[in-house]
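Let chain A serve as the given structure and place chain B with the ligands on it in line with the hints.
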Amino acid sequence: MSALLELEDVNKDYRVGGFLDRSTLHAVKHVSFTLDAEKPEIFTVVGESGSGKTTTARMILGNETPTSGTLRFMGKGIAQVRTRKERLDFMSRVQPIFQNPFEAFNPLTTLDYYLFSTARRFLGLKDKAAVDAATDKALQHVGLSLAEVRGRYSHELSGGQLQRIAVARALIPGPKLIVADEPVSMVDASLRMSIVNLFRELRDTLGVSIIYITHDLSTAYYISDRVIIMHKGDVVEAGRAEEVLGNPTHEYSRALRSAVLPPDPVVASAIIREKLRAI
Amino acid sequence: MLAAVENKPASVEAKPVLRVEGLKAYYQMNYFGVRREVRAVDDVSLTIKRNEIYGIAGESSSGKSSLIKTIAGAITPPLRVVEGSVKFDFGGKELDVYAQRPAMKAARWKHLSYVMQGSMNVLNPVRKVKHAFHDFAFKHMGLSEGEFRARVESHLQRIGLDPRVLESYPHQLSGGMRQRLTIGLATVCEPEFIIADEPTTALDVLVQQDVLALIKGVQQRMGSSIIFVTHDMTVHAAIADRIGIVYAGRLVEEGPTLDVFQRPQHPYTAHLIASLPRIGDTRKRVALGGKPPNLADPPSGCRFHPRCPLAVDKCKSENPPLLARNTGRVACWRAGEVEAA
Ligand SMILES: Nc1ncnc2c1ncn2[C@@H]1O[C@H](COP(=O)(O)OP(=O)(O)OP(=O)(O)O)[C@@H](O)[C@H]1O
Ligand code: SF4
Ligand SMILES: [Mg+2]
Chain A
1 MSALLELEDV NKDYRVGGFL DRSTLHAVKH VSFTLDAEKP EIFTVVGESG SGKTTTARMI
61 LGNETPTSGT LRFMGKGIAQ VRTRKERLDF MSRVQPIFQN PFEAFNPLTT LDYYLFSTAR
121 RFLGLKDKAA VDAATDKALQ HVGLSLAEVR GRYSHELSGG QLQRIAVARA LIPGPKLIVA
181 DEPVSMVDAS LRMSIVNLFR ELRDTLGVSI IYITHDLSTA YYISDRVIIM HKGDVVEAGR
241 AEEVLGNPTH EYSRALRSAV LPPDPVVASA IIREKLRAI
Chain B
1 MLAAVENKPA SVEAKPVLRV EGLKAYYQMN YFGVRREVRA VDDVSLTIKR NEIYGIAGES
61 SSGKSSLIKT IAGAITPPLR VVEGSVKFDF GGKELDVYAQ RPAMKAARWK HLSYVMQGSM
121 NVLNPVRKVK HAFHDFAFKH MGLSEGEFRA RVESHLQRIG LDPRVLESYP HQLSGGMRQR
181 LTIGLATVCE PEFIIADEPT TALDVLVQQD VLALIKGVQQ RMGSSIIFVT HDMTVHAAIA
241 DRIGIVYAGR LVEEGPTLDV FQRPQHPYTA HLIASLPRIG DTRKRVALGG KPPNLADPPS
301 GCRFHPRCPL AVDKCKSENP PLLARNTGRV ACWRAGEVEA A
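Sequence lines, in order, name chains A and B. The working numbering numbers the first residue of the first sequence as 1 and each following residue consecutively. The working numbering numbers the first residue of the second sequence as 1 and each following residue consecutively.
These aren't lab readings, by the way, just hints derived from the structure by calculation. Ideal placement from N, C-alpha and C gives every residue a C-beta, glycine not left out.
Every beta carbon over 10 Å from chain A, so not counted as near; a handful from chain B, in silico:
#, residue
1, P16
2, Q28
3, R35
4, R50
5, A99
6, P102
7, A103
8, M141
9, G146
10, H155
When the alpha-carbon atoms are kept at most 25 Å apart in a straight line, the in silico PhoX-like pairs for lysine-lysine are as follows:
#, chain 1, residue 1, chain 2, residue 2
11, B, K49, B, K110
12, B, K87, B, K105
13, A, K275, B, K216
14, A, K39, B, K284
15, B, K216, B, K110
16, B, K49, B, K87
So here's chain B without its partners, still in its complex pose:
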């Protein structure tokens, strides 16, 4: 009974609100005639359902930020989409991010909001906070100045902020308040889709749980979908419904949060979970051998093979496809043999 209450309503199963297909986005640079290509997003396909929180995990420089930046339609050169598509479904209307640029612009903030890594940056240090709300949200809401101000104030109150913060400058606020404000900005238009990069990484421990509850609360109240990135696995444990694990620009595993933690199917995921520090435990964690892959010259075959304890010859030459397995998907030739350490 309890479990049924905790689970998402059946509407989660409805049509996906985001479909990413075969997405490739590369940083293409030209240094004095020498071309360099960083394959930061390499053939990623995923779908996000309505009312779902999807977390993307992976090591530093695996391409997490590049992936959600591309999904948000917020890329600038040298990052370019090379192949594939990103399609949203907003109220039955399909929006193809890279085929319909102007429509995408209009959808920003109204249907979709994107909170960048180091997001405190959206707050201009020399302008009062109220201007940020005005700049981002006013024209999308079709309200009078007075109504708009009232709406913003009640929204701030709902997320636990004194409306007086509108009259202050960013530096006068604590990190936790600024993070709340950023979330306030991202949600004031009640978008159907929220994209957030490391939303809690810079936060103090004591406010982290509150901010996570805030994100979850806002999402539940508005019935929106969230895709967020963080390398902090405890954050995924706390709020994600499903997790996607990215390694070297590729999605290597995906599944319901509990299953990914308890029964990881990919050797990299198994390592990631086993390396998590826990208070009360000083057993030495072995860091992964080898180096993180260089995305300008990624390993052949399975990109994890130089560091993988299970690698066999086939792994060096053939890239394992991401296939459905158990409750999720996994890209590994030996997926069935992975045991959680």
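The shape of chain A in the complex, shown without the other chains:
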């Protein structure tokens, strides 16, 4: 097997001043996993905020260096990506999608600017018609079109529309790996399903692997091949999605599992009434 991405005993510490204390925070502890280059998959990292999942994502993207341990992408250390050329090359293969689409786009810049500059930068396109075509193609993948997006600002679109534009932007360079940090937390059920279905499709048709970072166990169960559950920097459970999410064994994973409300008014409202009685 040749590895697409390897994490070997990766650790990250931060010095923090918190609300009630001031200390070293072990944001990520001893994380190791490998994605196979020949078998594109949806690899899901489940955890709450502060569990270390975003820090892990940032290290994979090369935006953060580990305190110890190594990360390799296609055999090459991510920390060794230094020159502008290397960086560009790396980024065209590993693309991020961020959580908050409102923050991902500057309100004073039209959205097409992000798409056009991505096409110019990563595909080396100069010709206006070619840039438009590449942009429109990526937008079509997510159910939009350049005609709808051209000249518009982020505040004119809803959160869901923006998130689809973010996915389209990530698709432009033709990446091998997409790191999606909470990509569906701001969108509705139907669109959420269409974005995760889109991930499936990207995996199956374009051979893109996806690192899907989420706290949403329901979509995680629905699309993941493998899952790890992180808690306070540790991976507390790892394995195939059906096992880890269907039948969690670690205390924390079980708590997470039972915190998921089912989309069923009888059960869900009973859970809330029970909580109310307990307060």
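Below, chain B with the ligands without anything else, positioned relative to chain A:
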């Protein structure tokens, strides 16, 4: 017996506390002489009863935020009310939001509170939390500084927050604490009406149930009414008494929560419910075909017709009215034929 206890008291049936009639609110823009109009709220009528939790669901960009922003009287250009009215009844006194602007200003926070989408924003990052409470609530409560502080502290305690949070800055608090604080802010004046946009969307799973119980608890204790927006159907399942489904700026279905989930009457609602992921189930969910409608140029007739599996010719030209049917209301020419998938 149990059911009777769980149900709302009879007072729910009393006079509505909110009446929205034929409300149209559009974003009207002018780009270098070219007019663009986004019909985000298009002819919505609904009533909310006292002591009721009403949830608004719908896909992204369907106009949910625009609708409750308009109801809250919190709109700014380019969003404008084009037609219709929003009337509250606070203690027997009618307040017409768009006819009585000054009275509306005074009602803010005292009778009515509005928690915006991404509401953590109400907390100014460079000021301590206590200032937010002071700015929003102090002048409405008619208390001395000392009494006010005591009231805020006991209120925070009741919603599970250490009063010491008042002396901290927002970034020192976790997302769950900030969300609790926002709810604390929205409820400290014990308003009769609470309007909340995506109150739990940014929350961690482990605190979501607590925050929902908190919202429900505060509402029950104060006997207030809540109208909230979220695309998260599990949140509606958990706390809403009734649900309104919005599609492309229009209310297309409304009914008691259980009925909407179990017997959806509109094809869009049926799709929405069927597409919900459930742990233990990896059956492929088909996403809706077609694109979400463009509200600057919405489809003719029934706005759902380009994506609707039941569409017939009539749907393309005639807009179905929202009519009472079974326990709710539905806007569909073929409402009787919809089966939950
Ligand atoms: N300031 C604005 N100027 C112009 N158009 C706007 C503005 N704000 C929103 N819109 C448009 O109005 C429509 C409704 O948006 P709204 O924010 O109400 O949707 P929503 O249902 O709350 O979506 P979400 O679930 O994504 O928050 C969308 O087409 C959006 O692009
Ligand atoms: S009116 Fe027609 S197009 Fe609209 S939801 Fe009903 S069947 Fe579908
Ligand atoms: Mg919204």
